[in-house]
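Colleague: Heads up: the protein sequence lines correspond to chains R and P, in order.
Residues in the first sequence are numbered from 1 upward in steps of one, following the numbering used here.
Residues in the second sequence are numbered from 1 upward in steps of one, following the numbering used here.
Since the hints were derived computationally from the structure, they do not count as laboratory data.
Keep in mind that the hints are not guaranteed to be accurate.
Intra- or inter-copy, both count: the list cannot distinguish identical chains.
To be verified - Within a straight-line C-alpha distance of at most 20 Å, the following computed DMTMM-like cross-link-like pairs (lysine to aspartate or glutamate) qualify:
| hint | residue 1 | residue 2 |
| --- | --- | --- |
| 1 | 132 | 177 |
| 2 | 132 | 109 |
| 3 | 132 | 156 |
| 4 | 62 | 94 |
Residues per chain, in single letters:
Number of protein chains: 2
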Amino acid sequence: MEIEEILLEMKDTSELMVDLAYSALLYDNEEIAQHVIELEGRVDEWDQEVQKRAVERAIQDKDVEKALVFIRLADSIETVADGAVEIADVVLRDIEPHPVVAAALQESDTAIATVTVPTGSPATGQTLGEMKIASETGMWVIAIRRGDTWIYGPDENTLVEQGDLLIARGPMEAEEELRQYIGG
Amino acid sequence: MEIEEILLEMKDTSELMVDLAYSALLYDNEEIAQHVIELEGRVDEWDQEVQKRAVERAIQDKDVEKALVFIRLADSIETVADGAVEIADVVLRDIEPHPVVAAALQESDTAIATVTVPTGSPATGQTLGEMKIASETGMWVIAIRRGDTWIYGPDENTLVEQGDLLIARGPMEAEEELRQYIGG
Chain R
1 MEIEEILLEM
11 KDTSELMVDL
21 AYSALLYDNE
31 EIAQHVIELE
41 GRVDEWDQEV
51 QKRAVERAIQ
61 DKDVEKALVF
71 IRLADSIETV
81 ADGAVEIADV
91 VLRDIEPHPV
101 VAAALQESDT
111 AIATVTVPTG
121 SPATGQTLGE
131 MKIASETGMW
141 VIAIRRGDTW
151 IYGPDENTLV
161 EQGDLLIARG
171 PMEAEEELRQ
181 YIGG
Chain P
1 MEIEEILLEM
11 KDTSELMVDL
21 AYSALLYDNE
31 EIAQHVIELE
41 GRVDEWDQEV
51 QKRAVERAIQ
61 DKDVEKALVF
71 IRLADSIETV
81 ADGAVEIADV
91 VLRDIEPHPV
101 VAAALQESDT
111 AIATVTVPTG
121 SPATGQTLGE
131 MKIASETGMW
141 VIAIRRGDTW
151 IYGPDENTLV
161 EQGDLLIARG
171 PMEAEEELRQ
181 YIGG
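Given only the sequences and the hints, what does the whole structure look like? Please build it.
Modeller: This is the structure in structure tokens:
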């Protein structure tokens with residue numbers, strides 16, 4: 001992967017981590033919080049990889065400033081990821097996140113909704129891309145729980161199955177549309 | 001404001017800051033980057049306010065753990081905001097963010113799009129709430145540039161005017177829908 005591609009992966013992952021961390025808090029869900037911690041390891045590795053490649057490229061290009069942009073961006077994105085980890089850490093500690101906090105977060109401009117795909121849902125057997133959930137409802141699926149397993153950061157090729165628990169993010173007003181669209 | 005409400009404001013503001021920071025990077029826009037820095041001041045103040053009130057409440061309730069949840073959450077959200085500031089800082093430094101980075105970010109799962117409201121657009125004179133842009137298109141408006149002024153974090157009551165530049169965030173697939181919906 002080129003530096004630019006790594007930075008893109010870092011950006012998308014850090015945003016997913018923040019979304020997941022707030023979901024973990026909202027639903028007091030330690031599994032999701034644990035996944036945020038795991039993703040942090042990946043972001044850390046990428047950060048170091050960007051630093052290494054940026055310096056290597058600087059030796060070739062003799063372009064100091066370009067190398068610094070890459071290094072600083074990677075470090076900045078890592079800081080966003082650190083914040084997500086700290087939030088997840090509150091969920092994972094013995095201290096119970098206070099229910100009032102979770103209730104307050106539900107009033108956020110951006111809602112995080114969970115919807116179970118019911119029997120006979122038009123979503124069953126379709127991919128997220130085919131369902132166009134995002135453009136049809138305004139919510140987008142950030143994770144899926146299927147039985148005991150979790151799919152984090154699903155993409156357009158991810159198949160939706162009956163019984164899946166979809167965790168989706170979007171504007172408050174779109175939550176009800178998602179529910180109707182999935183038939184949940 | 002109660003502690004819970006402050007935490008909610010902090011959460012929404014930190015997410016807006018991350019979105020704005022990436023927009024600033026994508027469009028090499030120093031005005032947006034500057035606004036991220038300004039918002040940081042607010043998040044800092046809120047962080048201190050949460051700490052103060054959490055301790056005050058602990059004295060009343062004798063509940064140490066609850067106070068710690070509030071304090072740690074506020075600190076965590078502040079870290080997310082710090083990451084956004086660092087990203088904005090790359091844009092504001094003399095070092096030019098490398099165009100290749102901006103190009104790479106355009107491939108992100110979540111797109112940031114800019115659309116100018118053209119003459120005769122159905123959006124003109126309506127509020128964002130009336131337009132239901134988010135649920136109709138899957139993108140939501142995070143900022144509006146109107147002439148020389150900026151509206152950051154507009155809400156459902158914000159009126160859209162002809163010539164407005166809308167900065168919106170959402171899944172890649174929704175960008176074209178937004179363009180068609182606004183008639184831009």
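Colleague: With reference to the structure, classify each hint as holding or not holding.
Modeller: Quick rundown of the hints versus the structure:
1. 132 / 177: both (13 Å within a copy, 12 Å between copies)
2. 132 / 109: Intra 22 Å, inter 14 Å, cutoff 20 Å: inter-copy only.
3. 132 / 156: Classified as within; 8 Å inside a copy, 24 Å across copies.
4. 62 / 94: between (51 Å within a copy, 18 Å between copies)
No hint from the list above goes unmet by this structure.
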